[in-house]
Each structure stands twice: as C-alpha cells, then as structure tokens.
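Visitor: Each chain is listed here by its residues.
2 protein chains.
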Amino acid sequence: MLVFLKLGGSLITDKTKPYTARLDIIERIAKEIEEILEEGRDIRILVGHGGGSFPHVSAKKYETHKGFGREDSKSGFCMVQNDASKLNRIVVETFLKVGLKAVSIQPSAGALAESDKITKWDIQNIEILLREGIIPVVYGDVCLDIKKGCCIISTEEIFKYLAEKLKPEKVVLAGKSMVYTKDPFKFKDAEPIEEINRETIEKIESSLGGSDGYDVTGGMLSKVKLALEIAKYCKEVEIISGLEKGNIKKSLLGERVGTLVRW
Amino acid sequence: MLVFLKLGGSLITDKTKPYTARLDIIERIAKEIEEILEEGRDIRILVGHGGGSFPHVSAKKYETHKGFGREDSKSGFCMVQNDASKLNRIVVETFLKVGLKAVSIQPSAGALAESDKITKWDIQNIEILLREGIIPVVYGDVCLDIKKGCCIISTEEIFKYLAEKLKPEKVVLAGKSMVYTKDPFKFKDAEPIEEINRETIEKIESSLGGSDGYDVTGGMLSKVKLALEIAKYCKEVEIISGLEKGNIKKSLLGERVGTLVRW
Chain A
1 MLVFLKLGGS LITDKTKPYT ARLDIIERIA KEIEEILEEG RDIRILVGHG GGSFPHVSAK
61 KYETHKGFGR EDSKSGFCMV QNDASKLNRI VVETFLKVGL KAVSIQPSAG ALAESDKITK
121 WDIQNIEILL REGIIPVVYG DVCLDIKKGC CIISTEEIFK YLAEKLKPEK VVLAGKSMVY
181 TKDPFKFKDA EPIEEINRET IEKIESSLGG SDGYDVTGGM LSKVKLALEI AKYCKEVEII
241 SGLEKGNIKK SLLGERVGTL VRW
Chain B
1 MLVFLKLGGS LITDKTKPYT ARLDIIERIA KEIEEILEEG RDIRILVGHG GGSFPHVSAK
61 KYETHKGFGR EDSKSGFCMV QNDASKLNRI VVETFLKVGL KAVSIQPSAG ALAESDKITK
121 WDIQNIEILL REGIIPVVYG DVCLDIKKGC CIISTEEIFK YLAEKLKPEK VVLAGKSMVY
181 TKDPFKFKDA EPIEEINRET IEKIESSLGG SDGYDVTGGM LSKVKLALEI AKYCKEVEII
241 SGLEKGNIKK SLLGERVGTL VRW
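From first to last, the protein sequence lines stand for chains A and B.
The opening position of the first sequence corresponds to residue 1 in the numbering used here, with each subsequent residue numbered one higher.
The opening position of the second sequence corresponds to residue 1 in the numbering used here, with each subsequent residue numbered one higher.
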C-alpha cells in the first residue's frame, strides 16, 4: 500500500520564530512512522513537508510567487530555495536519527511549472526509492515557471502531481487540526467536520471562508480545496491534527482521526 | 561563454576533521566569482563541488560505491545523501551571503546511473538557470544505479555528463594543486606539468601512478584521466590550485594558472 503524508509547515516549525523547527514534533512523528515499519506492515510512504517559518520571510520579502518581475527576484528565488532546503535537511536528518531510511528529493531540481502548476517532472527516482523501501522526502519549494520565471509550489501542488502518477491509496495531510466549522483554537463552539466531498464543500465554504474561518497559509478553505483536488486521484484524503500523539500512525494505518475528503 | 568550475572536496573541507567546511576558502572563492560577474563579463558559470570530509566517513562505512549489497546499504545510501547535501547547503549559503545568485541542484533527485555512469538525467532546469544568470550548484552525491542499486557519482562524473550536453568552453578543476610530476606537498623536486593530452598521458602515468604519486581521493592520476574524458566535450580543462588567491578568477577568465588538459 502506498500512502503520502504531509507535515504542514505550521506543524513542524514555530511560525512566530524564523528558522525554528519543532524538533520534538518532527522526532515524535518520525517515531510513529518507524513504529509502523517496525511492525512489518506492507506500506510504502512518501513524505512531503511545508516550509513554515523557514522560507516564509524570504518568500514574502521577494514576492517569489509572483515570478521574475523584480530586479531582485532571482536573488530571492535562490534564497527561498536555500531556506526551504534548510528545513528539509533538519527533517531528513531527524528521520535518519530515528532509524528511518529517508532521502531528500529537491523538487526544484527537476520540476518545471506553468502558471504555478507543475507540468513536467521526471519522477522515476521517486518510484525506485519507494520500491526499495526508502522514504522520499519532498517539500514545498520554489520552481522554475515557463510563464512567469518562477513560482512557489506547495506540498499540496506536489502531491497533486505525484498522486496522479503514483495513485496512492491514501493521502494524509497533518497540520495543527482537522477541519472544523470555525477555527478551533479561537472558538469554543467550533464543530469538527467529519467528511467533505465535491458536493458538500459549498456548504462548508461559507463558514470556512468567513471572518471566523482559518487564516493560516492561505487558510483552511484553500487547504480543503486542494485536498479535494488530490482526492480525484486516490480513494481518500484525510486532514488530521498532527499535534495529537498517535494520530499520524493511526491515520496511516487506516483509522479515522480527522476529516475525510473524498472526491 | 559557459564555464564549469569544480571545487574539490579536499579544497573546501578539512579532510582531517569530519563535517568541517573551510568557510574562509569557500567565501574567498565566492568573492572571486562575484568579482567576475560584477565586471559585467559575458560568462555563465556552473559550479560543482566534492564532498570531502562530509560524506567521506559514511560512504566508507557503508561502502556505498558497492551498491545495495549489504543489509545496511540502504540506510547508508540515505546517510551519505544527507552528508553530501549538508556541505552543499554551506556552499550555497556562503555564495548567497557574498551576493551571488546560486541554487542547489541535487543530482540524486534526478540522475540515474548504470554501473557508476550517469545514463539518464533531465537537465532542462540547469539549462534554464544558466540562461537566467543563476549559478546551478551540483555536487558529488549518491545515485540510484540500475545495475547495483546505488553508486557514488563524483563531480567529475557529473561534469562529464553535463559537458557532453552543454558543451562548455572551459572546465576548471580547482583542488589543492595543479598537476606535478610528484606530490608537491611532499617532494621538493616535484616539477609542474604544463599540459597533458591523450598522447602525453602515458608518460605522466608512470610518474603519477608511482609510489611518489598522489593519493588523495583516488589519486591525481585518476583525476587527470577524468579530466581527459571531460576534455572530449570542451576546448580545454584546467587543473589548478584553488588555494592560491586569484587563481580561480584568472582561470575562469582564460588566463593560464594550472595544468591544461586537452583531448
């Protein structure tokens, strides 16, 4: 069984402090993955992670998502790549320390985009690594863009591309929470949403998109929409809280702990 | 004009101390490159660097060059990739600090080898970066190998593949010295060799291969042989000392400071 696991940037970094990884959380998650593999489960895992407070400052400063429009855009492109890669080194190194077999796959080394969408990427090495039982670790990164010079590709955009090619059984998106009707960290009357599909998303849209909605990296609504797009290519996507111990392990093994997103 | 510049692992790391980069040297070299670009020269530069004391210990421990033969080969493969990438982060970060536009290109993310030779690698992104005036920074890395599982690809092997496709004007290999008849750090009567080609290499072979010869990462003789192979695809390869201030700048601009290798 092939599963994709995303570790959100807000989960594995301290968003309030630039270049600060939440090593405790990364290590705990690595151990949850290691437990699954130790149990001899027939599971191949691809991990992707966001950049959080690592590339956030430089990406904003240089407006890297807008392309090569400014005089300093190309310098910015290089700096954002460096910042994104720095966190990736920490994630992979932590995985290795726990005993996992994991290897970086730098998206910007091979992927090419057109207007923010990956249109070309030779992923043969990712396929071989998965076959060999090694965890490929991709990450939100800069990308060359044939329309505007460069862009930012999120882990979700990467997963969408990879899911279409590799057809995973399940995609787990671990952030700070599953989907609620309102931001659960602010509102006590926030209700958890069990399931979302292309028909029910409209109802949810009004509540999530409203002023009580989420507002982290583009907001929970856009996360749900991206999850729905990924869900086109696999049985189910689950948006879960990676803060709760054991959730990631449970979700990877098929237990329901978050919001199910089905096409 | 397109040039390739290799920074040898023994030049940019302290070979006697694991995981110790020679930051002073990397920064000085970055400044030499920056000076060339500041002067508005029509030059596009691709940089490659060795791993030196970063992946050396893990690569030797796990015999990564032998493939996936051992039980711990795959763990070793992951560790060597991590170690190689660590030095690459330091190199790229130092380049950025000096004001260069430079971006990592992780070879193992895209290249595929067969019996230690790269046989497949989509290098479109490298071509675009060069066109945009951004320095792609490749490095000696692990590589998936369709014959033996994995292998180690040196910067020279990478340059050979890239030189055939990109046809650089010149390739500069900066190490601790140009080519001498004997190891110049040990023998006072060592004589510098000005030029080598496929006909004169035989004469040199006996002296370099002898007991007074070099013995750093496979030795100077194998470096010269690889340089000769690269020389098939460009006008000239120059093996220089990167320890001497100004040498890299001079060599990149066409001045002779080392040993010329022509096919």
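If you are wondering where the hints come from, they were derived from the structure by calculation, not from laboratory data.
Treat the hints loosely; a few may be bogus.
It does not matter which identical chain is meant; a pair holds if it fits inside one copy or across any two.
What the hints assert, rightly or not - Only pairs whose alpha carbons sit at most 20 Å apart, straight line, appear in this in silico PhoX-like list of lysine-lysine:
{"hint": "1", "residue 1": "Lys97", "residue 2": "Lys86"}
{"hint": "2", "residue 1": "Lys61", "residue 2": "Lys249"}
{"hint": "3", "residue 1": "Lys101", "residue 2": "Lys86"}
{"hint": "4", "residue 1": "Lys31", "residue 2": "Lys66"}
{"hint": "5", "residue 1": "Lys66", "residue 2": "Lys101"}
{"hint": "6", "residue 1": "Lys97", "residue 2": "Lys61"}
{"hint": "7", "residue 1": "Lys97", "residue 2": "Lys249"}
{"hint": "8", "residue 1": "Lys120", "residue 2": "Lys147"}
{"hint": "9", "residue 1": "Lys101", "residue 2": "Lys74"}
{"hint": "10", "residue 1": "Lys182", "residue 2": "Lys61"}
{"hint": "11", "residue 1": "Lys101", "residue 2": "Lys176"}
Keep in mind the model is a prediction, meaning the values are calculated, not measured.
Visitor: Against this structure, judge whether each hint is valid.
Guide: Hint by hint, here is what the structure shows:
1. Lys97 x Lys86: Both, since 17 Å and 15 Å are each at most 20 Å.
2. Lys61 x Lys249: Cα proximity of Lys61 and Lys249: none, with 37 Å in one copy and 32 Å across.
3. Lys101 x Lys86: both (19 Å within a copy, 17 Å between copies)
4. Lys31 x Lys66: neither (38 Å within a copy, 30 Å between copies)
5. Lys66 x Lys101: between (36 Å within a copy, 18 Å between copies)
6. Lys97 x Lys61: Between copies only: 16 Å across, 34 Å inside.
7. Lys97 x Lys249: Classified as within; 18 Å inside a copy, 41 Å across copies.
8. Lys120 x Lys147: within (13 Å within a copy, 26 Å between copies)
9. Lys101 x Lys74: between (34 Å within a copy, 7 Å between copies)
10. Lys182 x Lys61: neither (30 Å within a copy, 53 Å between copies)
11. Lys101 x Lys176: neither (26 Å within a copy, 35 Å between copies)
The structure does not agree with the numbered hints 2, 4, 10, 11 stated previously, though it agrees with the rest.
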